[in-house]
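Sequences are here, hints too, so could you generate the full structure?
Single-letter residue listing:
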Amino acid sequence: MKQIQGSYIKGYVRIKVTGHMPELFFQECTDRGVTVWNIKRDGKKTCSGNVKLADISEIKKLRRETKYKISFTQRRGYPFLFHRFLRRKEFVLSLVMSIIMILFMSNIIWKVEVTGELPIEIEEKISKQLNEYGVHPGAWLFTIESPGVIQQKLTNDIPELLWVGVRQKGTTYQLEGVEKIVIKEEKVEGPRNLIATKKGVIKRMYVSKGLPKVEVNDYVKPGQVLVSGVLNEVQDTQVNDDKENKKEKKKSVLVPAEGEIIASTWYEVDVTIPLKQNYELLTGQQEKKYYLGIKDFKFPIWGFKSPEYEAVHHDTLETPIKFIKWNLPLRIIETTLSEKQFHEIDRTKEQAIQAGIKQAKEELQLQLGSEATIVSEKVLHETIENGKVKLELYITVEENIVEAQPITQGD
Amino acid sequence: MKKLHQRLRPWLVKHLALPSDVVMELPRMTIIGQLHVYIENHKGLSVFTDNELRLKTTKGYIQIKGSSFVLKMMLPEEILLEGKITEVKFIPR
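Protein sequences, first through last, are from chains A and B.
Taking my numbering, the leading residue of the first sequence gets 1, the next gets one more, and so forth.
Taking my numbering, the leading residue of the second sequence gets 1, the next gets one more, and so forth.
Certain hints may be false.
[Unchecked claim] Only pairs whose alpha carbons sit at most 27 Å apart, straight line, appear in this in silico DSS-like list of lysine-lysine:
| # | chain 1 | residue 1 | chain 2 | residue 2 |
| --- | --- | --- | --- | --- |
| 1 | A | Lys45 | B | Lys89 |
| 2 | B | Lys72 | A | Lys67 |
| 3 | B | Lys89 | A | Lys40 |
| 4 | A | Lys40 | B | Lys84 |
| 5 | A | Lys16 | B | Lys65 |
| 6 | B | Lys56 | A | Lys45 |
| 7 | A | Lys61 | B | Lys72 |
[What the hints assert, rightly or not] Derived list of chain B stretches under chain A, where covered just means 3 residues or more per stretch with a C-beta under 8 Å from a C-beta of chain A:
| # | region |
| --- | --- |
| 8 | 47 to 57 |
| 9 | 65 to 73 |
Hints are computed from structural coordinates only; laboratory data are not their basis.
We put the CB at the ideal spot given by N, CA and C, even for glycine.
Shown next as structure tokens:
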């Protein structure tokens with residue numbers, strides 16, 4: 001019986017054969033490998049039996065070759081049911097609508113949760129910021145940026161937050177924040193000296209606590225004591241080492257030295273500047289295009305026209321579409337086309353040197369921090385090699401060279 | 001030669017205990033009460049009505065009589081008949 005098993009799923013048809021000796025038609029069928037079942041004699045010239053849906057073409061071929069008249073009386077099985085279902089338009093429509101509905105809802109933010117032990121003000125601030133970014137219940141998932149970007153923005157925009165973790169869990173956004181507790185920079189407590197970190201010539205001094213050991217225009221080496229924390233060590237003009245002093249006079253008072261000592265320091269910097277340089281610049285003209293992506297195929301939804309730019313910079317952002325909790329193989333692709341221009345610079349030697357100096361200064365400033373000021377620069381040596389200008393620069397900087405060093409009391 | 005062949009087959013069945021329906025190309029019929037008849041190894045259907053089924057075999061016909069016959073399944077060389085069976089008859093050619 002296994003031949004007719006599963007025929008309901010694949011569908012079967014009851015055929016009625018009319019003619020002389022109709023049973024012979026079924027014999028013909030079986031000879032051709034078509035399985036027939038439930039054959040019944042209906043009358044003198046008619047006979048009916050079941051045939052699989054897949055064998056219909058074979059039956060039709062046979063009908064042409066023989067003289068029998070064949071009619072289909074019953075259609076049974078899943079394919080016919082399915083067909084009947086498709087004919088009911090309202091039904092199909094509602095099914096499609098509900099799928100679209102679920103699709104729609106799975107791509108919307110339903111909830112924004114803020115966890116972590118945060119004061120209410122900060123929590124309010126976070127939700128306000130999030131609103132500004134477009135993260136609020138009811139927002140489309142693919143109009144907002146990725147959690148990583150939001151995380152970065154939040155930590156930048158809310159200085160009270162030390163860290164914030166943004167996680168997208170299905171249709172909810174979970175935020176976990178850690179409050180920043182401002183702790184003052186740890187300073188060397190107790191008595192200390194101020195020593196030099198770099199070699200240089202002292203330009204200005206401002207000592208609020210402690211005994212200055214150097215004077216303006218003195219040359220100092222790294223590690224040299226600039227301001228001593230040991231007071232009334234020696235009343236004489238003799239200058240001795242701290243330790244010896246302590247041994248001699250135990251009455252000396254130790255204080256934490258404080259002060260700012262600006263010294264002019266110098267750096268030798270090598271820079272290389274090419275005489276010819278190419279670079280790209282965006283003009284600010286841009287257009288956006290939207291695509292529906294299926295695997296490698298992109299189907300345009302919005303923005304069909306290609307802008308008439310000579311050179312285009314492409315920037316694409318892909319967001320997957322979700323169905324309940326799974327990512328569908330569909331994506332919304334947003335492509336930003338920006339116009340760009342190529343620039344080519346031909347520099348003379350003078351211009352190259354100027355650019356080199358500027359670059360070196362910027363790099364040095366970045367290294368030293370904003371407190372340092374660059375006073376002057378001098379070109380020590382310049383060579384032109386392979387279309388590049390090599391410069392050796394000598395740069396003078398005024399900066400604070402103070403570092404605290406605790407005084408060990410020797411016990 | 002053909003004669004020898006035909007004489008060999010009964011001998012094979014008798015002395016080597018080979019199944020007779022296979023060796024001698026005879027139909028094998030399984031009858032379950034009056035309800036079902038299952039016929040294998042037949043050579044085709046010749047008559048089928050409500051109360052008669054006639055099948056060709058190598059040596060004539062098998063005639064099955066009864067009432068309200070339905071062919072439950074029909075495959076090449078296999079037939080399952082359902083109904084009220086009253087008579088099974090071999091008609092030699």
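Results of checking the hints against the structure:
no.	hint	result
1	A/Lys45 with B/Lys89	holds (25 Å)
2	B/Lys72 with A/Lys67	holds (25 Å)
3	B/Lys89 with A/Lys40	holds (21 Å)
4	A/Lys40 with B/Lys84	holds (14 Å)
5	A/Lys16 with B/Lys65	holds (23 Å)
6	B/Lys56 with A/Lys45	holds (21 Å)
7	A/Lys61 with B/Lys72	holds (24 Å)
8	47 to 57	holds (count 4)
9	65 to 73	holds (count 5)
In the structure shown, no violation is registered for any of the earlier numbered hints.
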